[in-house]
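Chains R and B are the protein sequences, given in the same order. Counted from 1, the first sequence has number 31 at position 25 by my numbering; the numbering is strictly sequential. Counted from 1, the second sequence has number 92 at position 11 by my numbering; the numbering is strictly sequential.
Hints are supplied without guarantee of correctness; some may be wrong.
To be verified - Here are the simulated distance ranges between beta carbons: (1) R:N412 <-> B:P175: 42 to 48 angstroms; (2) R:H116 <-> B:A151: 40 to 46 angstroms; (3) R:D54 <-> B:A241: 41 to 47 angstroms; (4) B:D123 <-> R:D137: 36 to 42 angstroms; (5) R:D87 <-> B:L276: 26 to 32 angstroms; (6) R:E60 <-> B:V237: 38 to 44 angstroms; (7) R:S196 <-> B:T139: 49 to 55 angstroms; (8) B:V195 <-> R:N369: 26 to 32 angstroms.
Unchecked claim - If you want the footprint, here are the derived chain R segments under chain B, 3+ residues with CB under 8 angstroms: (9) 108-121; (10) 212-220.
In short, the hints are calculated from the structure, not lab data. Bear in mind that the values here come from a model prediction, so they are computed numbers and not experimental data. Using N, Cα and C, we set each Cβ at its ideal position, and we do this for glycine too.
Now for the letters of each chain:
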Amino acid sequence: MIHDLPADLPADLIGAKAHGLNELMRLGLPVPPGFVISTAACRAFLRDGRLPDELPPQAGRVSVRSGAAVSMPGMMDTVLDVEPDQVRSAIAAVFSSWNSPRAVTYRELHAIPHDLGTAVIVQAMVYGDRDQHSGSGVAFSRDPSTGAPVVFGEVLFGRRGIDVVSGSHATRPVTDLAEREPAVWAALESALGRLERHYRDVCQVEFTFESGRLWFLQVRPGGLVGRAAIRVAVDLVDEGLIDRGTAVQRVSAGDVRAARTPRLRTDVDLLARGQGASPGVAAGRIAVTADQAVRMAADGPVVLVRPHTSPLDMHGLAAAAGVVTSLGGPASHAAVVARAMGKPAVVAAPLTVDLQADCVRANDRSVPEGTLIAVDGTGGEVVLGDPGTTTAAEDPHLSRLLAWMNADLR
Amino acid sequence: MSENLVLHTLRCIGFADLGRVAEACGLEESDVESHLIDLAVDGFVTRQRGEFGGWGLTEPGKDEDARRTAGELDEAGARSAVAGAYQQFRELNPELLDLSTAWHMRTVDGVARVNDHADSAYDARVVARFGDLDRRAEPVCADLAAALPRFRRYRVRLAAALDRARGGDLKFLADDMNSYHGVWFQLHEDLLATLGIPR
């Protein structure tokens, strides 16, 4: 039930995360040493409350992370920076979190069986907050919003990975590494290239660098949707990594349907990119308070830009054509209300709302209230002006893929 | 005193028309309107005209509500009971947000799309999970009502919203000002305002 990493065992036993760590190690990429406790041990623990008797000895502090066979992002516990004598209780806590009400709800809604259990990965800690040459981040081998072949992601200097995921700190584009930590950047870029060739698909990694040394904590292949998934599939054919049949298989009917949703034009002045939280496109003048949104809406469409929203902003949300917030995720108040009202919304946008100066700041630019912007609630883009939308018919990648699909049918 | 209740309700529900304030308070519209007029004379509330207008708090009104609410809490000796219930509420809150998201969005073939409510089995699973959450929220509401009677109204309003949703009026889960999500969010705002916690 306990296996040293790499552990060449099926994902239903060691979980998807440990499976990814195996692949990283097999490719010679740096992964902190550790071991995985199988889903079978979790099932035994949930049945009779017993953990495996013997754990491998730990030399120092470790992280204890969940890793189910089917990904359930954010639903289970992670315990970081654990004293060796507290590892057993941390493992018990992670196993128990399989049955937390949130996790149960997630499985109900996604039709995942309740009896699978999760694996637990115990790894030596690496510290993104060790010194000024340390940090953490996430990176995609291609832009997950458009599928464009550029490394994309975010990084926090001098912080741990938890600060990147929680949205509690303003992150920097991962490309900032090129200047501040060129060796880390070079290693990251080359690893992403190697992972793409290995998986023959776009990849996402979580990483930490400690005193200038890069470590990988997770890899996930694929995961792009809609137009981005279509672009990647077509580009990978052009790059000779997959054939046309594989490209056609990889793209789902849902991707093609999603690709038909009108999107903002891409040749635009991008102010910020957050997370799309309510699909659709809206353009209007910036209002930075709900009261202002109501007043300005009398003269034309308004986009409400707020740090977050609360019930006190309901009248502004009702008056606005679209919503942008800098905090909160896709389940935030602003996102839920925008979807209920059928309005496009972008959340977690990297910008600040300055209520003293009545302006919005993003990327070292300051944009006053009243400025025309447009939002795309699918891709999360916030752009200056109103560039209008593109339709699926104008997307060359989609046209090529559809042609391959049709050829396949004949 | 019901004027305090009207002021505080407006603090928690935000801009609203008379009918919605009265519903949230559980008082007659005529009584609520007369309190609102008194509060407007004192400069604590204001009425905005127009399509998205309604009654709302002024900044002095917000301060006045904070003062009155803190006084009420300390007079009742209820601060630690409300703070305890708030901790329990915070544990349930992410679930409510997950469920509201699941109601609006569905991941099919890996693509998150707006839930078109064509799959009644999926919708039924979401409604069932709202019911499960509600069962666990009930003791939290009971603790709050025991600490301060004005919290009683939330149990009534949450139960009414869930009943209407179960009866087929599905907008009462997360798509209406008085939906389960809407009332829940007002309760959240109320707890923050009552305990003086900034959002």
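Here is what the structure says about each hint:
A C-beta distance of roughly 45 angstroms is found between R:N412 and B:P175, which places it inside the suggested range of 42 to 48 angstroms. Separation of R:H116 from B:A151 is about 44 angstroms and conforms to the stated range, judged on CB atoms against 40 to 46 angstroms. In this structure the hint that R:D54 and B:A241 lie 41 to 47 angstroms apart at CB holds, the actual value being about 43 angstroms. For the hinted restraint 36 to 42 angstroms between B:D123 and R:D137, the CB-CB distance of approximately 57 angstroms leaves it violated.
Distance hint for R:D87 and B:L276: a CB-CB separation of about 31 angstroms, consistent with the stated range 26 to 32 angstroms. Taking 38 to 44 angstroms as the suggested C-beta distance range, the pair R:E60 and B:V237 does not conform, at roughly 55 angstroms. For the pair R:S196 and B:T139, the supplied restraint of 49 to 55 angstroms is violated, since their beta-carbon distance comes to about 60 angstroms. Checking the proposed 26 to 32 angstroms range against B:V195 and R:N369 shows it holds: the Cβ atoms sit about 30 angstroms from each other.
Only residues whose C-beta sits within less than 8 angstroms of a C-beta in chain B count toward coverage, and the stretch 108-121 of chain R has 6 of them, enough to reach three; the restraint holds. Check result for the stretch 212-220 of chain R against chain B: violated, 0 residues qualifying (beta carbon to beta carbon below 8 angstroms, three or more required).
Checked against the numbered hints listed earlier, the structure breaks hints 4, 6, 7 and 10; every other hint is satisfied.
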